[in-house]
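Enquirer: Two chains, two frames, a set of hints: combine them into the complex.
The listed protein sequences derive, respectively, from chains A and B. With the working numbering, the residue at position 313 of the first sequence is 313, and numbering never jumps. With the working numbering, the residue at position 262 of the second sequence is 262, and numbering never jumps.
A portion of the hints provided could be inaccurate.
[Claimed, not checked] If you want the footprint, here are the derived chain B segments under chain A, 3+ residues with CB under 8 Å:
| id | segment |
| --- | --- |
| 1 | 93-101 |
| 2 | 124-134 |
| 3 | 140-153 |
[What the hints assert, rightly or not] Think about it this way: if two alpha-carbon atoms lie no more than 20 Å apart in a straight line, the pair counts; the simulated EDC-like pairs of lysine to aspartate or glutamate are:
| id | chain 1 | residue 1 | chain 2 | residue 2 |
| --- | --- | --- | --- | --- |
| 4 | B | Lys-156 | A | Glu-224 |
| 5 | B | Lys-152 | B | Asp-113 |
| 6 | B | Lys-156 | A | Glu-221 |
| 7 | B | Lys-330 | B | Asp-252 |
Please keep in mind that the hints were generated in silico from the structure rather than gathered at the bench. From the three backbone atoms N, C-alpha and C, an ideal C-beta is built for every residue, glycine too.
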Amino acid sequence: MPRLLVMVGTDLLRHLRNLSALMYAVVVPLALIYVMNLLIGSVDELEINPVTVAVAVPEGDELAAVLPQVLEAAGEGLDLTVRAAPAEEVVGLVDDGSAGVGVVVPEGFGADLVAGAGPQVQVTLADGLGLEGTVVTSIVDGALADLTAGTRTAAAAATLGVPPTELPGIARSLQETTAPVTWREGEAADEQLTLSENIVAGQAGMFLFFTVGFGVLALVEEREQGTLRRLLSMPVRPWTVVAAKALGSFVLGLLSMGVLLTVSSLLFDGVELGSPVAVGVLVVLMVAAATSLTFVVATVARTAEQANIAQSIIAIALGMFGGAFFQLNLSGPLGALLLANPVTAFVRGLGITAGGGGVGDLGVPALVLLGFTAVCLLAAWLLPGRKELL
Amino acid sequence: MNLSVTGEPEALRSGRGEGANVAEKVLGAQGLVKRFGPVTAVDGVSFEIAAGETFGLLGPNGAGKTTTISMVAGLLVPDAGSVTVAGVPMGGSSVEAKRHIGLVPQDLAIYPDLSARANLEYFGRLQGLRGSTLRQRTAEVLELIGLADRAKEPSKKFSGGMKRRLNIGVGLLHRPTLLILDEPTVGVDPQSRNSILESIEALSVEGMAVLYTTHYMEEAERLCDRIAIIDDGRLQAEGTRDQLIELTGGVDTIRLTGSGSLDAGAAAVEQMPAVRRVVRDHGTLVLTVSNAPTAIAPIVNAATGAGLSLADVEISRPDLESVFLHLTGKALRD
Chain A
1 MPRLLVMVGT
11 DLLRHLRNLS
21 ALMYAVVVPL
31 ALIYVMNLLI
41 GSVDELEINP
51 VTVAVAVPEG
61 DELAAVLPQV
71 LEAAGEGLDL
81 TVRAAPAEEV
91 VGLVDDGSAG
101 VGVVVPEGFG
111 ADLVAGAGPQ
121 VQVTLADGLG
131 LEGTVVTSIV
141 DGALADLTAG
151 TRTAAAAATL
161 GVPPTELPGI
171 ARSLQETTAP
181 VTWREGEAAD
191 EQLTLSENIV
201 AGQAGMFLFF
211 TVGFGVLALV
221 EEREQGTLRR
231 LLSMPVRPWT
241 VVAAKALGSF
251 VLGLLSMGVL
261 LTVSSLLFDG
271 VELGSPVAVG
281 VLVVLMVAAA
291 TSLTFVVATV
301 ARTAEQANIA
311 QSIIAIALGM
321 FGGAFFQLNL
331 SGPLGALLLA
341 NPVTAFVRGL
351 GITAGGGGVG
361 DLGVPALVLL
371 GFTAVCLLAA
381 WLLPGRKELL
Chain B
1 MNLSVTGEPE
11 ALRSGRGEGA
21 NVAEKVLGAQ
31 GLVKRFGPVT
41 AVDGVSFEIA
51 AGETFGLLGP
61 NGAGKTTTIS
71 MVAGLLVPDA
81 GSVTVAGVPM
91 GGSSVEAKRH
101 IGLVPQDLAI
111 YPDLSARANL
121 EYFGRLQGLR
131 GSTLRQRTAE
141 VLELIGLADR
151 AKEPSKKFSG
161 GMKRRLNIGV
171 GLLHRPTLLI
181 LDEPTVGVDP
191 QSRNSILESI
201 EALSVEGMAV
211 LYTTHYMEEA
221 ERLCDRIAII
231 DDGRLQAEGT
241 RDQLIELTGG
251 VDTIRLTGSG
261 SLDAGAAAVE
271 QMPAVRRVVR
281 DHGTLVLTVS
291 NAPTAIAPIV
301 NAATGAGLSL
311 ADVEISRPDL
321 ESVFLHLTGK
331 ALRD
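Isolated chain B, as found in the complex (with noise of 0.2 Å):
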């Protein structure tokens, strides 16, 4: 099921918000489909992504985001589809293509016996730099990751924060014309992945496509102008957050956590007009219903009433995480 809402990406018409102009398609993901013996990773993941523009492939582990960023960076050769980057088919072999792209893998892939500095540098020269315009780059990546007072340090001295930062900086060096970031905030503290966000916020505005991968919401929600779900290795919907949104039909989420008969209580609310879908999330009945702030009285009296004994209950109004549930029956978090 590929619920997508836009033929074209938004970005494509309008830039980067109301009124920019037209930009140029940089990347190009078509009918993407890898196996791995038996099972099919990935299978006919479509997508662009514009200059300027941060697309995000939102979706839990193993849900494909990985194995399709592999593909588009060339890491993988797909079983079936094509991937062009700034106009140049990508292959395992593609110099050209790969020159437009910065990966920033999901695995610190930088050496601890190495300093940042040189790090940076060994990189940079991988990637044509040269000279001044090394130094140059080394210099401002450093600056922007927060590590210019810590240059000349062995990598396996830094924080995992820190490591992250440079991790990032090394795909940023040669300013590429799409960065990849494959779920980059893993495993870092709340201060070190706000530093990091802010960073590839910047990134967008001074006109860097940015693919980034993540299984969190509130990162896809805070930086992408697009997002596509990705579940089972299938696209399950693209757009804006609003569309995306507006493809839950404006409904709302109830969650009720509790003791007793979990299955008793899902069977007496799931009757009730308002109540569209019940699915059970560990001690969690997870209710997607219309106009919550209606419903909320008679069902909590059907589930108490049906042996449930409520702990906690609690409203939200629809987001990306509804959007999932929406799309796939299942949490984001499964």
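One chain only, chain A, in its complex shape (with noise of 0.2 Å):
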């Protein structure tokens, strides 16, 4: 036991004090998330501007005046003035910039729309207009939708008997009465990760793939320098040696995950992962499957630069199959292979976590990480490369 603990101590303190290590464990890491979250930041703040939207509606128009009606109401949430003028100068104020957004309805459009005619409403939008053009454009999308079912309700009741001269009053009578359907945001019981928290998780996940190849990929580089040879004939068991890299591996893949996970929760906001027992037992699952694969790696590298670019290879797919830089969302064999993703079974129990889950909730994801970790151990003893790395 001393003498593991002076291999584990003293690669340690290389690894320590080469920076390479310190890079991909923590600075590296830390600097994506960083940038990550500024850029989802900025989609998360973006606001709607203050937009005028001029409006032209034929005059004794019943239908064609809900239009307006409509924009006016949804303006009091969105900081929109409807401005209403002449069908010919709409297009003008928007190119001379008095307007972002321009209506115009045409003549005939409320018997058009009773008849079945389908009159065509233009729109006119802004050179530059971002979201707000395309936040108007749905209202009136909306609006001319009511008013289609409103007429074709009318219609119906037409049929039924009821004068003529009474349909367009039903028609704006629906549109005005309808209760419309809300929504509101909920929230799962569990594997709730907001677009930070992803990203966090997914590129310490990603990471800890670089960390942990520092302890056992040490192997092959140390079968290459000679120092293996000389550790092997020193009074220790080649066990010994091995266990040696795994608990280095091990011991660096905690540390990443935990300085990236702490900094990450008070650094960014958004940033909630949840029962601190629940994420400790995730992370160490989560390590332990990363360092076993490190060990098929091993295995059939033969020098020191192939196993680092095979370990960079595994590791950049599976944070990018496990949500690393974007959300993937696939279905059948493929999605069935993304959930034996441990970057992935890891994210999906943060969500867990993040969403109040404990210890116990952890199942799929946990038993996913346990069941990757002796695929792998079983991989890297069965290899014929094994005898051949000692």
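Expert: Have a look at this one:
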């Protein structure tokens, strides 16, 4: 045991002195998380700027008159000003910047609608108008859809004997009195991660594979530089050397994860990962999974360069499919395969803890991580390269 | 062909030099065999080393020296045969046997990012040294290898010779019963090489058994009490330098270097009664002859008469090179 600790201690000191381990373990992932949070933050903080909508409505058209009213009603919450204008001036107002959006309702709109002729409403957006244009277009689109539905209802009433003079009134009253369908943001009991949390979890999971590589993959490097030969001639059992490298990887992984998750929670808004105990259990399982994978790489790789390249490819692939950069939703066999990805399992597990789940709720992600670890260790044991490694 | 000239190592009988007490056997290698696929790298190698004795394994590259010492050091498991160190059987997991050995691998086996002191202390701890013993041994070894004043510098800043010395120092730190040196002077400048050889000479005086592999004949002659000549994975002969030279029958070596028809020259001289063997070594004919001083004139005449235009003629008395040539029919550097 003392010799094992001597090896682990010296290895860790060497890795910490070697800045590349620190870079991969903490600095680079934190920097990436920071940059990606900036991007996400800019999306989260998007605001709709005040916008003027110039609307031209034919005089005496009851149905067309609904449109400015809908826009004005929406304007209360969106800082939207509705300005009536003659049809021939609307485009000019948009061009000279007096209005951001121009809406022209054609003559005979109401009658055409009742007749089912499909009148066209012209919407003009100012150059460079951003989200505001999309919002106004959506409101107009929605109002027109409602009017169309109302007139069809009225048409149905006409077939039942309602006088034609009352049909526009029916259509209009339907538009005004129908209670709108509303929605509210809900929260599931588990697997809830904000975009920021998702990126923190994915990046931490991905960079963990680089970090643990400094331990086990050092076996390949030491074999190359000859120190492994010397270590094996010392009064230590071969498994002690392997265990020391594995333990070194594990400790490095835990340190890296601990720092990343703690610092992310402190530095970035909206990162709340939940119960520290449950997160801790998840981190231990994830580090074990990542460490076990490095044994497979160390067994297969002939040189340290090969091992590092393979480890990088695996880390990036698992990270990408696990949501380190964006969330990926796949179904079918690919989706099932995605669920076997340890980074996916880790992110899902953190989703559970962030949603208030405890250790007992980690079932599937924990099983995936344990299964991944077992499969990797078995593969490393069975692969022919194991005997050549030592 | 094993032409061992001694049934028992001389040092086992007499220690180092005449009149010494009987020394204990430190290493016993019996019938070692190692195969890599279809290739038999080591084939039935046996030898013993006594305390205070320096034993050399002399052979060209690829002869099986490193494979042999890998089995002795427990790095390779023999396909057949056995190794005992200080009476303890050696195997891959033989912690007890490994306590007695210090291995100096052919390749530098030190951590370049660690200082000389840190390297020594790390490997010393793995050997079980602690506290004041570790500090004292580290200081002694740093002094011995001439790196005391550079102890704090990372070894990557050292010259090739300094790294080699540190490589050896790590093997010495725990005062092993058996020090195994695998071609420790390869790629070392003459000054560092001499320093390394002096250090090794001092070790055997202190009673350490040394197993030394080399393909440099001069090193084997200078350092080793007994020498085993190994080629193609087999021990061709074993004994003291003088015993080995006796195997040649006291013959001398004549080297004829020149241009023209080497084959015709060889054909002409190998018919002569004094010539026992002729070997072509690149642009040189290497002749094994009896009594070179009297045979040289007719040999030169025959060679030149056959069309060989001689540029250099060299006569040498028997040495390990001659022994190797005699035993294997090829030059040591082949």
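Enquirer: Could you run down the list of hints and mark each one as holding or not?
Expert: Right, here's what the structure says about each hint:
1. 93-101: With 6 residues close enough to chain A, the hint holds.
2. 124-134: n = 4 at 8 Å, threshold three: holds.
3. 140-153: Since three or more residues must qualify, the claim that chain A covers the segment 140-153 of chain B is violated, with 0 doing so at under 8 Å.
4. Lys-156/B with Glu-224/A: holds, 16 Å
5. Lys-152/B with Asp-113/B: Answer holds: Lys-152/B to Asp-113/B is near 11 Å, not above 20 Å.
6. Lys-156/B with Glu-221/A: holds, 16 Å
7. Lys-330/B with Asp-252/B: Holds, at roughly 15 Å.
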